[in-house]
Amino acid sequence: MAGIYVHIPFCEQVCAYCNFYFITSVKWLDDYINALCIDIAQQIQTFPLAYETLYFGGGTPSFLKEKHFELIYNTINKYRSIDSFHEINIECNPEHIDLAYIQVLKKFGINRVNLGVQSFDDMDLKRLKRNHDALQSLNACDLIATHFDNFSFDLMYSLPYQSLADWDKNLSKVLEFHPNHLSCYNLTLEEKTALKHQMSHQLKGSTDESLSFEMFQLLHFRLREEGMIHYEISNLAKLGFEAKHNLGYWQHKPYLGIGPSAHSFIDGKRFHTIAHVKHYIQHIYKNESVTEIEKLTDRDFFNEILLLRLRTKEGLDLNTLPQKFDALKTYLLEFFNVKSPYWICDENKICLTLNGWFISDHIISEIMLDEAEFEKRRN
Amino acid sequence: MKNIRNFCIIAHIDHGKSTLADRLLEHTNTITDRERQDQLLDDMDLERERGITIKSHAIQMDYFFEGQPYILNLIDTPGHVDFSYEVSRSIASCEGALLLVDATQGIQAQTISNLYLAMDNDLEIIPVVNKVDMEGAMIEEVKDQIIDLLGCAHEDILEASGKTGIGIENLLHHIIRRIPAPKSHDDQPFRAMIFDSVFNPFRGVIAYFRIFDGQIKKGQKIKLFSTQKEYNADEIGILKLKPLEKQELKSGDVGYIITGVKQAKEIKVGDTIIASENPSLEPLKGFEDVKPMVFAGIYPIDSDDYEDLRDSLEKLHLNDASLVFEPETSIALGFGFRCGFLGLLHLEIISERLEREFDQSIIVTVPQVSYHCYLNKDPNKKLELHNPSDLPDITTINRLEEPWIKAQIITKPDYIGTLIGLCMEKRGILLNQVYLTTSRVELTFELPLAEIVFDFYDKLKSISKGYASFDYHIIGYRQGDLVKMDIKLNAENVDALSAMIHRDKAYEFGRKLCEKLKELIPKQQFVIAIQAAIGMKIIARETISAMRKDVTAKCYGGDISRKRKLLEKQKKGKKKMRQFGKVEVPQEAFLAVLKLND
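In order, the protein sequences belong to chains A and B. Count along the first sequence from 1, add 3, and you get the number used in this note's numbering. Residue 456 in this note's numbering sits at position 468 of the second sequence, and the numbers go up by one each step.
Any given hint could be a false lead.
Dumping the calculated SDA-like pairs for lysine to any residue here, alpha-carbon to alpha-carbon at most 20 Å [what the hints assert, rightly or not]: (1) K570(B) - K195(A); (2) K394(B) - E340(B); (3) K511(B) - L435(B); (4) K557(B) - A375(A); (5) K559(B) - L372(A); (6) K195(A) - L435(B); (7) K560(B) - I370(A); (8) K542(B) - A375(A); (9) K553(B) - E297(A); (10) K511(B) - V17(A); (11) K559(B) - V17(A).
It is worth saying that the hints were derived from the structure and are not from the lab.
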């Protein structure tokens, strides 16, 4: 199984918390899609894998019009039947969702929609510099819930000025739509974002780590009552509704990432695409390479396994650890085989608890190995 | 020999000594432009950065004056209080001294104490007001200070600028006219004083000396007076920009000798070199075996690097005999070394050199002075304590003694009150207060050395807004009410953080140290209690709450590589930490004690 990720790096407005690569100038969109199709064609031929998921991410993929989908689909159809993709997913902004657009999505077989709601509070949306208000979100949620089975809403918590009650209210609101999947992100203040800047200057409120943890717990337990399983730090779903494409990332399944700043992972190598729309288009037209290869060493791969598996509910199963890391099992067991509120180590399986997830960066960085240690411990 | 002039430059840090030395070398054509490098005499990186000359050197200049050739030996002196003994030996090797005073700054404490040393040694003093070209130069005011201090005439004081070269030629003339030639003792048995030494990895120890009596020939057998050990003068010579080998040197000369000695500690500054044949029976005056007064543990961060650290310390010791070290074990830090230093600056220099030149990652523990301990069973038997953990059971101790210093502070009258306050707070005894001029006061104190090891310099500087200079020398040991204060992390003693402290200071010190550690130790997966204790008694406590949040919300396809690298970096930061029980303590925490704020 493999996935294709298509990046649409355009945004009308800069969200205050976002440090992803995008540009606000939509005038390049048509040129971009042309270049993208050339790239898709080349990449699928270079890496002829059993692709089963297709994911339009961004940026703002809901900028894509019917003609763009047509171009992309025609390209893919030359090498793969669109029907072979079990999951076709698109990220949408609430302000783009109307019945007409839903029909476009349906027409192109898109069977999973990811709506960037973030919050149902207008003040929150303003502070996050979102391009929609709560009413637009509610309407969009309604439409999507009516027309799709498999959909997910994105929410954020630990926002400035947000109380536990506010978060509870947002959860109640979102549950009215009976989602089968939710992505709930603890606000991370990324470097070089407007919000980070404001937080250190004017805004207060989300620095309370105890409150932040209470919100995390509330999320976990409230949604558990709704039958949703917390299957990754920021993702909850009813059984069978997990995001297949994303699961692929966390299980080291191969994926093709197409578009500026997108990454691919194939054959133990990671490919980074240049993070510049104009250069991307120019290089593609000139038939020049747009990717850089990062060859993962055994150590890199080992550290990535720790990083990705421990973020999931399934955790790190030592029985499925590649054979070349056999010698490192002892090391991992030495570390985890102590009673801790942060993890459970049962037989050969290590899972972080809710407490552990909340400080997972700390724990994961602790067990990661540098080259010297890695070599020492594997021998 | 009547055409030799041996002199040194007495100056405060930053008063332009090195720049002036450069000009002298240029004017005497000792260096060509091509060889010219700023501040020639300071050739260690560290010295350049700190703007101080750590190890003294000497250089010979040739100069024609009124048709006569002259040899001018400039003996450089180290510029910091910790090296006062080395300074005294350099001074004792000269007949004259330039008293260099920055026209924008006026006279400073170190200048004065070195000036007194020079006067004690009957040196001819030539006062020079430097940086006269600078904006803010107070030439007349500074001259008045000098006149008050020396009782010299106004016209005896020269003006110069090392930067522009003003007055350099004139200065050279005055050096020749005013500084006496070395007294001739060619007929006496050979005696030379070692005023410095350096270590060369190929040649061994190179000793710099000044010949007072007799002469020395290449290949001759010589002895060191203090040990009476015999050596061969494999090579002798004078010190041009590079060493220049000679067959013979005579009384009055300044030069170097190489004997094949591989250990700096064998050749001690201040010692007298004598001939094996017909040896002099009297050493030159003033030899002292300088003892380290400040001790600290130095540990490798990674215990695997212990041997590397030992090698590095050994190499440094070859170079710098005043550094001593012996292996020690800490429960908290594992295997390391207890090292002795001349003072706090010396400690800083050594630890920086270990990190920079030898690429060692080290932890330096709380510095402390050398205490004397007397036990009840034998109250006359002195035990030296270099480490708080060596303190015997408190009930067996008869008394403890700590080293005291005599300190001179020179400052503006505005700051007297607060400076006296500071010294009193540091258990000081004010001995004397003298107005050197209307705008400069000299305060003389007796202080426990231990009190200046912690945060004294910084406070002195901040109180006086930089307008106070400080110099000290050890005057002996005195009994003190001293206790050992321990730091506990989650009830486990961290021996590397233990400190000896005066009982009256213990509570405040404990409270501040706990506060500082709370700042420096990062939040961890559990609550950490930091306690300060004297014996069983807890005197201060702080709590570090458990870490609550360290999580990446989004980790999808394009984030993985960056995230992994980020976490690997986070891990690297942690490697610099030490583990106590379960608590991880960063390197800085071990020096927290030096950075306590009010």
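Q: Measure nothing beyond the straight line between the CA atoms of K511(B) and L435(B); if it is 20 Å or shorter, mark the hint as holding.
A: violated (39 Å)
Q) Within a Cα-Cα threshold of 20 Å, do K542(B) and A375(A) meet the stated pairing? A) Judged against 20 Å, a Cα distance of about 29 Å means the pair is violated.
(Q) Run the distance test for K195(A) versus L435(B): straight-line Cα separation, threshold 20 Å. (A) Since the Cα atoms of K195(A) and L435(B) sit roughly 51 Å apart, the hinted pair is violated (cutoff 20 Å).
Q.
Between the alpha carbons of K553(B) and E297(A), is the straight-line distance 20 Å or under?
A. OK: K553(B) and E297(A) at ~12 Å, within 20 Å.
(Q) Need the status of pair K394(B), E340(B): alpha-carbon distance at most 20 Å? (A) Between K394(B) and E340(B) the Cα gap is close to 28 Å, so the pair fails against 20 Å, i.e. violated.
Q.
Against the 20 Å threshold, does the CA-CA distance of K559(B) and V17(A) hold or violate the hint?
A. violated (32 Å)
Q: For the pair supplied as a hint, K559(B) and L372(A), confirm whether the alpha-carbon distance does not exceed 20 Å.
A: holds (8 Å)
Q.
Just to be careful, I want the Cα atoms of K570(B) and K195(A) compared with a cutoff of 20 Å; is the pair within it?
A. violated (35 Å)
Q.
Hint check: K557(B) vs A375(A), CA-CA at most 20 Å. Holds or violated?
A. holds (15 Å)
Q.
Against the 20 Å threshold, does the CA-CA distance of K560(B) and I370(A) hold or violate the hint?
A. holds (11 Å)
Q. Is K511(B) close enough to V17(A), meaning Cα to Cα at most 20 Å?
A. violated (33 Å)
Of the numbered hints listed earlier, those contradicted by the structure are 1, 2, 3, 6, 8, 10, 11.
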